[in-house]
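Heads up: the sequence shown is residues 1 to 542, going by this note's numbering.
If you're looking for bench data, these hints aren't it; they were derived computationally from the structure.
No experiment lies behind these values; they were computed from the predicted model shown.
Only true hints are included.
Have a look at the derived ranges for each label pair, beta carbon to beta carbon:
(1) Leu129 with Ala340: 57 to 67 Å
(2) Arg389 with Pro350: 18 to 28 Å
(3) Lys393 with Phe189: 46 to 56 Å
(4) Glu133 with Gln310: 57 to 67 Å
(5) Glu89 with Val336: 42 to 52 Å
(6) Ile354 with Asp241: 31 to 41 Å
(7) Ser415 with Phe189: 33 to 43 Å
(8) Gln406 with Asn138: 49 to 59 Å
(9) Phe189 with Asp241: 13 to 23 Å
(10) Gln443 with Ile354: 22 to 32 Å
(11) Gln414 with Phe189: 34 to 44 Å
(12) Gln297 with Gln122: 52 to 62 Å
All residues carry an ideal CB built from backbone N, CA and C; glycine is no exception.
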Amino acid sequence: MGQASTAFQGSHQCLLDDKVRAKACPVLVAAADNMETPGNLSCTSGCLVLSCLRIAILNAALCLFVSIFRSKQRQRQFHRCTWMTVFKETWPRFSRPGISMSLVESKDGIQCFTFEHNRDYQQVQFKFLDAVESMDPNNFVVLLQLNPYHIDSLLQLSDVCRIQEDQETARDLIERALYSFECAFHPVFSLTSGTCRLDYCRPENRAFYLVLFKHMIFLEKRGCPRTALEYCKLILSLDPDNDPLCMLLIFDFLCLRCREYTTLIRLYEEWEVHRNLSQLPNFSFSVALSYYHLSQQEDISPVENQQLKQKSNVLLQNALIMFPGALMPLLDLCTVQPDAVVSSHAFFGPSSQIGQPPALLELVSLYVGRCHSLWKEAGLMLWLEENVRKGLKRVDSQDPYLEDCQNKRKQRYQSAPRNIHRHVLMSEIKEATATLPLEVTTQPGMGFDPLPPLDSIVSYIRPERQNMGASNESTLSLFFRSLLPNFNLQRPEDRQEVARAGRELNQEVNRLMVAMRDMLANIQFREPQWENNHERDEEEWD
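Input sequences plus hints: build the corresponding full structure.
Following this line, the structure appears as structure tokens:
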């Protein structure tokens with residue numbers, strides 16, 4: 001890859017001129033109607049329809065009870081109308097946490113925005129960073145109890161809940177962060193215009209990207225791929241030139257999940273010349289798969305069917321020749337045993353996987369780990385088998401395309417850019433994370449800011465604090481410090497500390513989960529009585 005990699009250069013350089021940009025933007029416009037989760041759930045499965053009805057009835061009953069209770073208490077609380085999530089009565093009372101959004105620049109129809117932290121929020125952020133350094137989980141719980149809408153604390157504790165398989169609480173914390181962000185939007189900031197930009201180099205903006213990404217993943221896992229696709233478009237539209245979270249690596253998967261085949265093909269055709277998307281394994285295979293699915297539709301003519309089928313065959317064969325290391329891992333995850341002709345052929349044998357450049361192995365592993373389930377549909381394996389045989393005939397006949405692919409694999413995939421590594425870390429697909437280079441896996445990092453940009457724009461500086469002695473470190477601090485390169489395992493005192501930290505690590509995490517669930521379940525905020533509630537409402541929302 002390196003300088004020769006046009007596929008990866010497109011991920012972090014501005015390659016679209018104004019004319020092409022105007023044409024490409026509509027593909028990234030998120031549809032507001034499809035960003036509502038309940039409707040998407042009802043389209044996915046019948047049982048989820050009943051669940052939604054039950055939830056709606058329970059919510060209606062809860063709202064009625066709350067309305068009666070509050071009318072008796074002569075208290076009123078108004079919540080903003082939001083698109084991405086709805087305020088829940090189980091959440092703490094919302095007041096401005098200190099986040100705002102300002103318009104930085106407006107030029108050629110593009111508006112550049114940035115989130116800002118006021119002085120109070122900055123102080124909370126400093127305390128959060130202190131808690132991160134201490135590695136004491138109790139500090140996170142206390143901080144969130146005092147500041148229930150602090151974004152990075154919500155992100156961090158959501159990861160803890162997810163690791164402990166408490167998906168409901170993890171999702172709830174992300175939705176709370178999303179609500180806090182949406183309440184801070186600038187009046188002209190639009191989720192659906194495709195013309196609003198946020199600079200990922202600013203730490204205040206990065207949290208919004210991460211919250212959207214995690215919310216998108218939760219939606220897809222809940223069976224809402226169409227809604228997840230709209231969030232993917234939204235994230236990509238915030239910075240389509242640099243694509244800091246490399247959303248192009250998941251765009252195809254979401255399109256196939258919700259059967260938006262024409263959307264995927266359109267993006268591929270409009271961006272291929274400038275982004276060289278065919279050099280990404282996921283696009284190379286997924287576009288072929290899209291043409292195949294279109295050829296299976298019943299409302300097309302026989303001529304069109306034949307054209308689509310032929311197009312899909314050629315694209316799949318090209319993908320197999322360009323990325324031969326993807327076939328065997330794909331068949332393995334699909335629990336399909338290849339025949340002797342394929343398994344014994346050198347082109348798809350072990351050398352095709354062992355000889356892959358590091359970045360190519362990372363991309364192929366990500367695609368196979370994420371998309372193998374898409375190949376389990378009826379008829380797809382027969383189609384794949386047919387084109388594997390045709391592809392081998394092209395290989396044996398020394399098709400000129402074979403040499404071209406070999407040269408590209410040698411030149412273009414030596415090292416992946418930072419945004420691809422960041423995407424792999426956030427996706428947590430084990431097949432891909434196992435291929436990350438040491439310079440990534442050995443870097444100290446946290447879930448609230450994975451692999452921060454090297455050219456970050458710092459708007460405010462954290463004050464210096466005195467270093468605490470090792471005797472004051474918590475168990476988690478000792479454990480994670482042992483993972484750092486400068487930790488000396490040969491020192492007896494370090495070796496003893498690691499042993500103690502390892503034994504107590506699980507106990508610390510369990511105590512954190514118990515304390516956090518108790519806090520989330522019982523947290524209550526006493527509200528002062530106001531004779532004239534209009535004054536307070538104006539004070540909070542002006």
